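K.L.:
Sequence:
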Amino acid sequence: MLCIVLLLRSCDAPASQGTAATAAERTAGTAAEAYEQEVRAYSSLSSFLGISRLLSDSGCLVEHFSEDAQGHVVLKTKTKSPSALLEKISGSGLYSNVSVTSMQKDAGSTTFSCTFEMTADKPASSGAAEPALMERMADMIPAMKNAETAGNSFVLNTGTEGLDSFMRRYSDFESGSDVMLGRFSIDGDGSEITIKGELVKAGGDVRTGALESSALDGAAAAVFCRKVSPVKAAAPVVRRLPENNGMTEVGRIRNDD
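The opening residue of the sequence shown carries number -1 in our numbering; numbering runs sequentially from there.
Note that these hints are calculated values from the structure, not bench results. Some clues are possibly wrong.
Straight-line Cα separation of at most 25 angstroms, SDA-like style, residue types lysine to any residue; simulated pairs [stated by the list, open to error]:
1) 143 x 126
2) 74 x 107
3) 74 x 109
4) 194 x 130
5) 199 x 171
6) 74 x 89
7) 199 x 137
8) 74 x 97
9) 103 x 56
10) 78 x 115
11) 74 x 166
12) 74 x 101
13) 199 x 153
14) 194 x 173
15) 194 x 151
16) 194 x 126
17) 194 x 115
18) 143 x 130
19) 74 x 99
20) 194 x 54
21) 74 x 111
22) 199 x 64
23) 74 x 56
24) 74 x 119
25) 143 x 62
26) 74 x 95
27) 103 x 82
28) 78 x 54
29) 78 x 185
30) 194 x 128
31) 194 x 136
Taking CB as the label site, the calculated pair distances span [to be verified]:
32) 82 x 146: 36 to 42 angstroms
33) 144 x 104: 34 to 40 angstroms
34) 99 x 130: 38 to 44 angstroms
35) 79 x 119: 23 to 29 angstroms
36) 74 x 133: 28 to 34 angstroms
37) 143 x 107: 38 to 44 angstroms
Just so it is clear, the structure is predicted and the values come from calculations on it, not from any experiment. Think of the CB as a built atom: it goes at the ideal place given N, C-alpha and C, for glycine as much as any other residue.
I would like the entire structure built from these sequences, with the hints used as guidance.
P.N.:
Spelled out as structure tokens, the structure:
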């Protein structure tokens, strides 16, 4: 294996390039504003939905996503153009301090396995959520019945249907409670999806109903996972994309009908 490790950081274009925006730039700006309205100042799960959507638009998939209590995000994905994806994430306006911290490529391959790191605009927390909220969460989200819990943290091993159910039911739970995911991670290990989270009290000026159904419907909230069945749902439309390196994306697209 040929291994390349380097650091790329985004930077602003020089002022000498002028202020006239091309049609493509204006379109990208509009898309970035839409993403920002859905994700900025929301909890970690919303941040995941936003980044997975950006990656899906670029033909990339999420292999690993994690966000800590301070809003530090680690993202792993595959792409043929790390620099182009770097600029896309930076230009979305959703994250700051975006960088590529690792790139690996097999000899003869045109695809890089990349690790991106960035900072999300995360709401403040006012402390750990009460244990009773974990019980309420389990009551509202059937998939949580199989989760391992400890205090205000949980680990859920599930499949794609469980992931779909978790995201949609968690939306209702968060919008009806003064809580958010302080820490959140999601991985696919080849046969199942692992979701880890920590519930905290939402502090400061945090908008209620962080995960509107429109944000979920429009998001490619998917994990790179081998040998899993596609999500079964009536709406939004669910599609199964072509396999890539033995991996399959379970993608989510908006139902415009």
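K.L.:
When the structure is checked against the list of hints, which entries are broken? Sort them ascending.
P.N.:
none
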